[in-house]
Amino acid sequence: MNTEVKIAGVTFKNPVMTASGTFGSGMEYGDFVDLNRLGAVVTKGVANVPWEGNPTPRVAEVYGGMLNAIGLQNPGIDVFMERDIPFLQKYDTNVIVNVCGKTVEDYLEVVERLSDAPVSMLEINVSCPNVKEGAIAFGQKADSLYDITSQIKKKAKQPVIMKLSPNVTDITEMARAAEAAGADALSMINTITGMKIDIHRKKFVLANKTGGMSGPAIKPVAVRMVYQTAQAVKIPIIGMGGIASGEDAVEFLLAGASAVAVGAMNFVNPCATVEVLEGIEAYMRQYDIENVTELIGAVE
Amino acid sequence: MTRKKKVTATVISQKQIGEQIYDLWLETKLAKNAHPGQFVGVYPRGESTLLPRPISICEADKAKNRLRLVYRVAGKGTAEFSACKAGDQLGLLGVLGNGFPVDKAKGKRVFLMGGGIGIPPMLELAKAMDEKKQILLGYRNKDLFLEEDLAKYGDVYVATEDGSVGTKGNVMDIIKAYALHADLIMACGPMPMLRAIKKYAAENGIEAYISLEERMACGVGACLGCVCRTTQEDAHSHVHNARICTEGPVFEAGEVDI
Numbered sequence: 001m002n003t004e005v006k007i008a009g010v011t012f013k014n015p016v017m018t019a020s021g022t023f024g025s026g027m028e029y030g031d032f033v034d035l036n037r038l039g040a041v042v043t044k045g046v047a048n049v050p051w052e053g054n055p056t057p058r059v060a061e062v063y064g065g066m067l068n069a070i071g072l073q074n075p076g077i078d079v080f081m082e083r084d085i086p087f088l089q090k091y092d093t094n095v096i097v098n099v100c101g102k103t104v105e106d107y108l109e110v111v112e113r114l115s116d117a118p119v120s121m122l123e124i125n126v127s128c129p130n131v132k133e134g135a136i137a138f139g140q141k142a143d144s145l146y147d148i149t150s151q152i153k154k155k156a157k158q159p160v161i162m163k164l165s166p167n168v169t170d171i172t173e174m175a176r177a178a179e180a181a182g183a184d185a186l187s188m189i190n191t192i193t194g195m196k197i198d199i200h201r202k203k204f205v206l207a208n209k210t211g212g213m214s215g216p217a218i219k220p221v222a223v224r225m226v227y228q229t230a231q232a233v234k235i236p237i238i239g240m241g242g243i244a245s246g247e248d249a250v251e252f253l254l255a256g257a258s259a260v261a262v263g264a265m266n267f268v269n270p271c272a273t274v275e276v277l278e279g280i281e282a283y284m285r286q287y288d289i290e291n292v293t294e295l296i297g298a299v300e
Numbered sequence: 001m002t003r004k005k006k007v008t009a010t011v012i013s014q015k016q017i018g019e020q021i022y023d024l025w026l027e028t029k030l031a032k033n034a035h036p037g038q039f040v041g042v043y044p045r046g047e048s049t050l051l052p053r054p055i056s057i058c059e060a061d062k063a064k065n066r067l068r069l070v071y072r073v074a075g076k077g078t079a080e081f082s083a084c085k086a087g088d089q090l091g092l093l094g095v096l097g098n099g100f101p102v103d104k105a106k107g108k109r110v111f112l113m114g115g116g117i118g119i120p121p122m123l124e125l126a127k128a129m130d131e132k133k134q135i136l137l138g139y140r141n142k143d144l145f146l147e148e149d150l151a152k153y154g155d156v157y158v159a160t161e162d163g164s165v166g167t168k169g170n171v172m173d174i175i176k177a178y179a180l181h182a183d184l185i186m187a188c189g190p191m192p193m194l195r196a197i198k199k200y201a202a203e204n205g206i207e208a209y210i211s212l213e214e215r216m217a218c219g220v221g222a223c224l225g226c227v228c229r230t231t232q233e234d235a236h237s238h239v240h241n242a243r244i245c246t247e248g249p250v251f252e253a254g255e256v257d258i
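Taken in order, these protein sequences are the chains called A and B. Per the numbering used here, residue 1 is the first one in the first sequence, and the count goes up by one each step. Per the numbering used here, residue 1 is the first one in the second sequence, and the count goes up by one each step.
Only chain A is shown next, with the shape it has when bound in the complex (with noise of 0.2 Å):
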């Protein structure tokens, strides 16, 4: 049985990676899971200064998921560069580090400074529903989306993911505008935007109001966009919304995906991304397929 896949000519040995900012930079998971299982750990979103966040409540669980407003909250590019990619170097895994900013300028700075780290990949975050500035702004309109990705497809030494925002009328003109400006692969879907009351104080229960939805009640929405994005693009995409066993990461791979990534759920089953990996293997065994890579875009 083969689980590799390859993305942009990286090669990962198995498709299931984590989503970024569910699983910081692989430390806090130590206790739960062997990184050196994992397709790739994607790493918070790392900006080129260090970002405070929003205010508290930032987390808010609602029916089937949560809603997060975290507000990118990193300790900057500098820290992340002395600490984190030391720490994932030890790893035989792919490193893919998410990359955010306010401005196109913050973007270029935190991939140049990444240019000769041990970094396999770079996801470009275009879709946190949680910041006033920049982010979201970026992937919401598919003419900036160009500009952005073109911009960065020149700086970049590594091959680069941008990820989707869902909050958009039509993910698959985002997804041709960012490949038409060169992006390697996408992943898809960042978080919906939701918001939650609490009825009895007559107040939102996060403090910044809305915030993004993940976890298993977001998954057909995710299933569908990969699905038509899929159809519209070539470059291959690595899904994610609401991954909670390998029968989900399934329905993500046959819908279209390449790899798969594990958010929300590592909150909820801290072993979540390996209980996923075996779960893909089981139906592998159960299907009696040789090479996991059959099963992409495999539905009929």
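These aren't lab readings, by the way, just hints derived from the structure by calculation. Each residue gets a CB set at the ideal place from its N, CA and C atoms; glycine is no exception. A portion of the hints provided could be inaccurate.
[Claimed, not checked] Pairwise CB distance ranges, derived in the manner of DEER restraints:
1) A:D92 <-> B:N204: 36 to 46 Å
2) B:G91 <-> A:V299: 32 to 42 Å
3) B:Y178 <-> A:Y91: 50 to 60 Å
4) A:E105 <-> B:A83: 52 to 62 Å
5) B:P190 <-> A:T169: 37 to 47 Å
6) A:P55 <-> B:K85: 37 to 47 Å
7) B:T231 <-> A:Y287: 51 to 61 Å
8) B:K76 <-> A:V299: 49 to 59 Å
[As the list claims (entries may be wrong)] Below, a list of computed lysine to aspartate or glutamate pairs in the EDC-like style, where the Cα atoms sit at most 20 Å apart:
9) B:K29 <-> A:D31
10) A:K209 <-> A:D198
11) A:K196 <-> B:E214
12) A:K203 <-> B:E214
13) B:K108 <-> B:D183
14) B:K76 <-> A:D198
15) A:K196 <-> B:E47
16) A:K209 <-> B:E214
17) B:K142 <-> B:E19
18) B:K32 <-> A:D34
19) B:K6 <-> A:D34
20) B:K62 <-> A:E275
21) B:K5 <-> A:D34
22) B:K5 <-> A:D31
23) B:K5 <-> A:E275
24) B:K176 <-> B:D143
25) B:K6 <-> A:D31
26) B:K6 <-> A:D198
Model the placement of chain B on the given structure of chain A, informed by the hints.
Relative to the frame of chain A, chain B by itself:
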């Protein structure tokens, strides 16, 4: 630090001990490594309620592998826990957080201060501390809980908001009413109480450790949901936002901007 684990615990017993307050004993190996002031994440079993609920450890019987959790029903998850009977199973994530620095109490006069559902962690803390303790407890009304358990380990003073038992007011009013003194405070309770303790401790030059609470998702330091403003740069993100689940829940009062 002890390795964190996700385990299945068995309910030994549960009873209601106050209005919406439940007293749950669980059998789990997590008890072996539990330190006063730490907490566990308790998993609801419903498919729609996913996240572990952070609940403080009230007592840990290390010899018998038993954990006691005293919690208030605050929503769907805790309502589900309150229906658990002996023999039922519950998923736990733990043990989490740093806990109280028990050793700091050596040779000192200590206040243990608990308010409302902040009272339970004071019991394991009181048990772990050999020093003479003044235990100050604040309740809403005469619906007291755990005060008899705590009385075995120190001098208990009670305040109630409605004045039905003990001093009328809160734990700070107990200090005034009895002219009590301490060199060290360890506390858990609602934010206004913790703010008052922080102020009192600073004004009187008393060392104080307070246990904070915030809405949490992962419980292990990854999601950055449960942060608290800190006066110094935090260890993780260097932005004056420490993770309550990991750097906390117990902080030296001067460390946090509450």
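Verification of the supplied hints:
At roughly 55 Å, the beta carbons of D92 (chain A) and N204 (chain B) sit outside the given window of 36 to 46 Å. Checked against the hint of 32 to 42 Å, the C-beta distance between G91 (chain B) and V299 (chain A) comes to roughly 34 Å, which is consistent with it. Against the hinted window of 50 to 60 Å, the Cβ-Cβ separation of Y178 (chain B) and Y91 (chain A) comes to about 57 Å, which satisfies the hint. In this structure the supplied range 52 to 62 Å holds for E105 (chain A) paired with A83 (chain B), their Cβ-Cβ distance being about 56 Å.
Checked against the given bound of 37 to 47 Å, the beta carbons of P190 (chain B) and T169 (chain A), roughly 45 Å apart, stay inside it. For the hinted restraint 37 to 47 Å between P55 (chain A) and K85 (chain B), the CB-CB distance of approximately 40 Å keeps it satisfied. Checking the proposed 51 to 61 Å range against T231 (chain B) and Y287 (chain A) shows it holds: the Cβ atoms sit about 58 Å from each other. The hint said 49 to 59 Å for the Cβ distance between K76 (chain B) and V299 (chain A), and at roughly 35 Å that hint is violated.
Distance restraint check for K29 (chain B) and D31 (chain A): the Cα-Cα separation of roughly 16 Å lies within the 20 Å cut-off, and the hinted pair is therefore satisfied. Pair hint K209 (chain A) plus D198 (chain A) holds up; C-alpha atoms about 11 Å apart against a cutoff of 20 Å. Annotation: proposed proximity of K196 (chain A) to E214 (chain B) holds, straight-line Cα distance about 17 Å (limit 20 Å). Restraint check for K203 (chain A) and E214 (chain B): the C-alpha separation of about 16 Å stays at or below 20 Å, so the hint holds.
Our distance criterion of 20 Å between C-alpha atoms is met by K108 (chain B) and D183 (chain B), whose separation comes to about 6 Å. Distance hint between K76 (chain B) and D198 (chain A) is fulfilled; the C-alpha atoms sit about 14 Å from each other, no more than 20 Å. Between K196 (chain A) and E47 (chain B), the direct Cα distance comes to roughly 19 Å. Compliance with the 20 Å bound is thereby established for this hinted pair. A distance of roughly 17 Å separates the Cα atoms of K209 (chain A) and E214 (chain B); the hinted pair therefore holds under the 20 Å criterion.
Restraint check for K142 (chain B) and E19 (chain B): satisfied, since their Cα atoms lie roughly 11 Å apart, inside the 20 Å limit. Proximity of K32 (chain B) to D34 (chain A) is assessed by CA-CA distance (about 24 Å); at most 20 Å being required, the pair is judged violated. About 15 Å separates the Cα atoms of K6 (chain B) and D34 (chain A), which keeps this hinted pair within 20 Å; it holds. Distance hint between K62 (chain B) and E275 (chain A) is unfulfilled; the C-alpha atoms sit about 31 Å from each other, more than 20 Å.
A C-alpha spacing of about 14 Å is found between K5 (chain B) and D34 (chain A), which places the hinted pair at or below 20 Å, so the restraint holds. Of the pairs offered as hints, the one joining K5 (chain B) and D31 (chain A) holds, with about 7 Å between alpha carbons and a cut-off of 20 Å not exceeded. Proposed proximity of K5 (chain B) and E275 (chain A) is supported: the alpha carbons are some 15 Å apart, at most 20 Å. The suggested pairing of K176 (chain B) with D143 (chain B) is violated, with an alpha-carbon distance near 23 Å, which exceeds 20 Å.
Between K6 (chain B) and D31 (chain A), the direct Cα distance comes to roughly 10 Å. Compliance with the 20 Å bound is thereby established for this hinted pair. Taking the CA atoms of K6 (chain B) and D198 (chain A), the gap is near 30 Å; set against the 20 Å cutoff, the hint is violated.
The earlier numbered hints that this structure contradicts are 1, 8, 18, 20, 24 and 26.
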